[in-house]
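Quick note, the sequences are listed as chains C and Z, same order.
Our numbering puts the first residue of the first sequence at 2, with every later residue one more than the last.
Our numbering puts the first residue of the second sequence at 924, with every later residue one more than the last.
Where hints are given, some of them may not hold.
[What the hints assert, rightly or not] Computed footprint of chain C on chain Z, listed as stretches where at least three residues anywhere in the stretch have a Cβ under 8 Å from a Cβ of chain C: (1) 930-942; (2) 953-959; (3) 987-1000; (4) 1077-1090.
Hint data in this document are derived by calculation from the structure and do not stem from the laboratory.
In this text, all values refer to a predicted model and were calculated from it rather than measured experimentally.
Each residue gets a CB set at the ideal place from its N, CA and C atoms; glycine is no exception.
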Amino acid sequence: MSQDPRPNRLSAQPDAQGRFGPYGGRFVAETLMPNILALEAAYNAAKADPAFMAEYEGFMRDYVGKPSALYFAERITEAFGGAKIWFKRDELNHTGSHKINNCLGQVLLAKRMGKTRIIAETGAGQHGVATATVAARFNLPCTVFMGATDVERQKPNVFRMKLLGAEVIPVTSGTGTLKDAMNEALRDWVTYPEETFYVIGTVAGPHPYPQMVRDFQSVIGREARQQMLDQAGRLPDAAVACIGGGSNAMGLFHPFLEDEDVRLIGVEAAGEGIETGKHAASLSGGKPGILHGNRTYLLQNEDGQITDAHSISAGLDYPGIGPEHAYLHDIGRAEYRSATDAEALEMFQLCARQEGIIPALEPAHALARVKDLAKELGPEGVILMNMCGRGDKDVFSVAEALGVKL
Amino acid sequence: MNRLDQTFSALKAQNKAAFIAYVMAGDPDAGTTLAMMKGLADKGADVIELGLPFTDPMADGPTIQGAALRALASGMSVKGVLKLVEDFRQTHPDTPVVAMGYANPIFIYGFDAFAKDAARVGIDGLICVDIPPEEDEDLRTALESTGLSLIRLATPTTDEARLPRVVANTSGFVYYVSTTGVTGAKTGESQAVNEAVARVKAACDLPVAVGFGVKTSERARDIAQSADAVVVGSAIVEALHTGGVDQALHLAADLAQAAHSARG
């Protein structure tokens, strides 16, 4: 996370109040406010401390396996018949997704702050597994809140977290999904504010989380940008990533924000279709509001009540989006599209057969829009997509969706 | 002088603590809530705290979470809450009503529109759980323009450096959250609560109400020794849910008696 030497306005966000334009901020109960302010101060000190960053980078290299490869997806390029497609292979990280980039940073920060327990929320379980992994490594007790519905549909990850020594608490309040897991984690934090470090998994929540998670995830874009220059000899025409809360997309986009010729494209989960109302596309189908510590686009009804997200991918099943994405959307620096459950399922299978890579359902959404974009840009074009997770965790739910009995 | 200031100064003259009773609007329907509001006022509640239901109440325990979901299932909304207070004012022009809820429904209704409509129907103040002082300028300006109180929360984690900032722009009263945790959990230790109340009182001239986890008359009496008001929420909501209006009002009458007689 060395400072980018180029003077850049967009990447200097957020402001001192944690705002990205009108989005972001610190909308938390008073009990948590002193904690949030202390976290901000500790984070700013840590990232300016070479010893802290050296420890982080050491573990990123030797434990996480960074840098992850940049791979030319030749057979998918042929299959789509247009632009050249490159995958940033963040699914090769330890624990199988980009999530650990952030968990490692936050858990190291927790230790530095003298916190004695870790809590996290999780949807698909990838963030929960990554947090439990790092907490085990640093010998900190870890409690993961997971919606009861998700506990049911992500059993392998629940078992993984338990193997790693974490306590998994099924959340039955509300609708028993990711947003309720986050509510419950906030309730725990408000109850044990002194000793607890809350490892938020996405670029949302109260300031400084959207900035801190983005900073830790920016390793994706920093590596990929340099690798594109080295391996492809140029920057891509477009960088594409899927979006639930938006952490892998923000990590990919951020180092490209000042490269005006690089289009940034986020792909939300359209579920059964935006028009059906059963989707998780906060930008395409929501409006600005306040939830979970920040002002951002939310799925909600006309009375400001939060509505349920829907996606085949538990990792995208969240009714909000990080505030920086909300801002990039409004100013037009990034484009946001969506892909349905059916499209993701199709791409999941196609990627497995064409490239021998079983992708997570989350990046399978991104691949659906890469397909259109490849045609749009033509053979001269170059597309960079973040393969943010591998699909092992999804094989059971994909089998079920395809009507295959295991 | 507004209703809140009148109520607190009248009680102070009698050396009595106020009893603030919480009820969730629309739990399980608007008619029941109206009956509860009237009954609470008649049984000795000095201030009614009316919950605005929200799908994601991050600071509430299971009791009030359940009440919010029942209220939303009955169709309760910000508009519905305004209508309830309008109806309540037909029979009870003097009992202060304070709305308590979360940012998003009010943000979507519009801070200015809410301040205007709330003042028109006779709401006296607002407690917004997830808008801390750092973020409340827009809301505060809107409420001030129509004469409503913005009631801020102070908590056990609000330290000496922060307290003056928290109480600086609050009006009506300061709501002291007796413990770290959600509504309906355990209360803080008596001595710690007493010390905290003294600390808040030293920082401002406003009445200090203590809430979160106050369930019994004994505890209410205890808190009323030092605090200017005792807030009871979850226990009343639970009594209403399990035993109906009569049982909830019976409990409220005991709590009111405990708060009012604590210093006598």
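- Please name the hints from earlier in the document that this structure breaks, with their numbers sorted from lowest to highest. 1 and 2
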